[in-house]
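Novice: Sequence lines, in order, name chains A and B. Last residue of the first sequence: 723 (this note's numbering), numbering continuous. Last residue of the second sequence: 368 (this note's numbering), numbering continuous.
Think of the hints as simulated: they come from the structure by calculation, not from any bench. Built from N, CA and C at the ideal position, the CB exists for glycine as well. Don't take each hint at face value.
What the hints assert, rightly or not - Beyond 12 Å from chain B on every Cβ pair, some chain A residues (computed):
1. TRP177
2. ARG270
3. GLY355
4. ILE376
5. PHE377
6. PRO535
7. LEU654
8. VAL687
9. ALA717
Unchecked claim - Derived list of chain B stretches under chain A, where covered just means 3 residues or more per stretch with a C-beta under 8 Å from a C-beta of chain A:
10. 60 to 73
11. 133 to 141
12. 163 to 175
13. 187 to 200
14. 277 to 289
15. 295 to 308
If you want the building blocks of each chain, they are given just below.
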Amino acid sequence: MPVTDTMSANERETSESELSLRLERTWRQPGGIWGWFSDTDHKAIGIRFIVTAFIFFLLGGVLAAIMRLQLSRPESSLVGPDLYNQLFTMHGSTMIFLFAVPMMFQGFGVYVVPMMCGARNIAFPRLNAFSYYIYLGGALLLWGGLLTNTGPDAGWFAYVPLSGPAYTPGHRTDIWAQMITYTEVSALGVAICIATTILRHRAPGMTLNRMPILLWEKLVISIAVIFAMPAVMVASSLLLLDRLVGTHFFNPAEGGDVLLYQHLFWFFGHPEVYIAILPAMGITSHLLSIFSRKPVFGYNAMVGATVAIGALGFMVWGHHMFVSGMNPYEGFAFSSLTTAIAVPSAVKVFNWLGTMYGGKMRLSTPMLFSIGFVSLFITGGLTGPLLAQPALDAYLHDTYFVVAHFHLIMAMAGLFAVFAATYFWFPKMFGRMMNERLGALHFWITLAGAYAIFVPMHLLGLAGSPRRYSELTGVQYLTTTAPLQRFITVAAIVTVGGQLVFLLNLFWSLFRGHKAARNPWECSTLEWTLSSPPPQVGFGDQNPVIAHGPYEYSVPGAEKDFVHQNASGNRGT
Amino acid sequence: MTLLTSGVSGRLLAQAMPLEPGRHLILHPGTPQSSHIEWLYWVIFWITFAVFLLMILGFTRAGARAHVDAIEPLPVTKSEEADRKATWAVGSAVAVTVITLFVVLVLSVVTGKRAGGLTSKNPITIQIIGHQWWWEIVYPNPQADQTVTTANEIHVPVGTPVVILTNSADVIHSFWAPSINGKRDLLPGYSSAFWFKVDEPGIYRGQCAEFCGLQHAHMGFSVIAEPVDQFQAWEQQQLKPAPDPTTPEATRGRAVFLTHACLMCHTIRGTDAGSRVGPDLTHLASRNMIAAETLPNSTGALAGWILDPQRIKPGVRMSPNPLAPDDLQALIAYLRSLQ
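Turn these sequences into a full structure, and let the hints guide you.
Specialist: Here it is as structure tokens:
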């Protein structure tokens, strides 16, 4: 209904309420089971991604605990080599393909990005819903495989020729390769939705430099996904052709090339690391600013560092292949580019420090987990320059030192950002606050656990413990490291068990938590101008117009101490 | 904490660990190559440790200066001078980072060159071929009858450069003796070369470092470094074909070997057995260990291995051999005679 100036005030009011009614009708969720499945609302799909990924995170954690039990005693016969190989393959594949990216990029991205942009829904909502179901299909395929004794056992990287038809007959690797294709199609679909939402559906007035840092990170990652995922889909599809159709892409006996697979896999594999960690960095930058009540320090440098990491991430895959006998000059090129990534990473750390410096810190649970992220990022990151040197990597490659490095910086730091984001957006998602005391308890258990598990692993690596050994009696000189292995196992069991505190908090808060206000954390970004939980229709007929930057905290003279991005008119002064 | 503990306890660990025979830590290098690697490790370790301390200091100060209890809005003084100061601080921190990383890179390249370049002439060449799950060791020679072929135990003369040529017969393996040099992948379809020189006699343990299937954890080897004359004596002995059995039992054992599945996979030079699927057994008795450093080379271990290798290394490419007890005894007597 056109609203014209000639209408009386009364008429205009009627037409406005009618407009919002009509909007609500249009955007109402269809009822029934069919309605549930055909729902295309980004909030529902985002929460489905988050819940599904979290379930697979718990399952992956249980696999890790079983592996730790196996390694706690020399000559342990808890699981045989066959099951052990399935366990570590499933643990890696689950955590990377079913948890890290679906949770950080797809889950929180799909839920938060449209609201932060001020859009009613994500761009291409049907593609978005399709992405969820194809991800779910891949996940169920993989876990159905494990439960029917067809669990993949060639490692999460599935190097040929070990994963080829000659050395792993049966359908274990077929399942793995098909799962890769499904989950990567899902990531690609969401990347297109998110990039389009950010580029096309921002509220009027939200110029690029008024975007929250999180949107920048999501944009960079979406572009990285669009370039990285096809490489691994090519690798997994060629592998499937070799296995099922009888082609010889990777069969050296027929002129195939085993290194081709490694190049394709790591051309995806290394950007993948940043695809998993950049959203974590974005959430951390965002939360550190909110809970220090200060603007993000060095916004432009932060954005520049994000773009630099996204771009450099595509030029360093060779550092996974230093020991494959590559030309020393090639090794040098990859080594210097890898070392160069330390620069934008350092810029980020310095800027986080700058953000917190002199701030008015509110140590709520999301803030605790964000500080934990920074701590783990520094500790895990500092071993990066060690591993980037080919001469040193030749010693440390494929040892527990590498396991410790990437678990601290990617797995644990990423997990801390996931928890920070969960505690932070839970009130928005479900309209109730999570318990702060249980949250703090959960934080301290997980932080102590992360360090207790992974710091000793550096020592195992230095002592020469190779990864992926189903038991450790084969190497006599490592028998003296058995007490260390036992300690790690105890720490791992306690940490995995400690997540029960989180589950307890989650379910208790879901039903008994305090009702959340519209904006419990006093944030300036748009999603907090909606009620908690947000109405189905999102912003409805109110079209937010952006007048302020995303991080206007501690503004002198403001009503609280911050200014909403869409606050009209004056800034308070 | 990470780096502090990995450095300090790494050293403690190195002292506490009984490292005989052989020495197996980066902290106990046995060759010039691993000494270079160790040196580079400690240089970068101390640099990153210093960075770590500075970061701890920075965040501690940020925490100490935070107004956690302030109820009033922050007294933010948005003066241009404070902004300039902070930007300058972060800018110089980034500049220091860039310079430090550049120094690390230069050191790394120099070290890589020193560890990778062959500085001495007249090396001996050894070809290592990875198999699931054992190592075929060949000392190539243009004359076929002067070529030594053995398995899992690499004899090298002390003080002589050794060039290792790598290859794989099936999947990717990685050759790694920690106190000798860095690791090198054995790729099917590719051959690559690297070298080392062991300065002190001893037995240096190594193992496969690239996931290669079920028995990845039981794919060991050892580098046995010995004085040049001992090495030459060993080489001369290895060149000989298997001696003819001297006792009736061993003679019967040879017959058992040649009439059962054994000869389908193994070679014993001087007999009709000539397949190269499994390890060459011509001088089996001269080795310390069997089954890729999994079992001692003793009568009992051999018997257990021959009867049911699947029980010891599930998935191994050798099938069970249900031999009659006297056949088995004869076979072992023969194998034990293959000095």
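Novice: For every hint, state whether the structure bears it out.
Specialist: Here is what the structure says about each hint:
1. TRP177: holds, 38 Å
2. ARG270: holds, 34 Å
3. GLY355: holds, 22 Å
4. ILE376: holds, 30 Å
5. PHE377: holds, 26 Å
6. PRO535: About 6 Å separates A/PRO535 from the closest Cβ of chain B, which leaves it inside 12 Å; violated.
7. LEU654: holds, 28 Å
8. VAL687: Non-interface label stands for A/VAL687: nearest chain B Cβ at 34 Å, farther than 12 Å.
9. ALA717: The assertion about A/ALA717 holds, with a minimum of 16 Å to chain B.
10. 60 to 73: Answer holds; 6 residues pass the 8 Å Cβ test.
11. 133 to 141: Result for this restraint: holds, n = 6.
12. 163 to 175: With 0 residues in contact (Cβ-Cβ under 8 Å with chain A), the coverage given for the region 163 to 175 of chain B is violated.
13. 187 to 200: It holds: at least three residues are needed, and the region 187 to 200 of chain B offers 3 whose Cβ sits within less than 8 Å of chain A.
14. 277 to 289: violated (count 0)
15. 295 to 308: violated (count 0)
Comparing the model with each numbered hint stated earlier shows that hints 6, 12, 14 and 15 do not hold.
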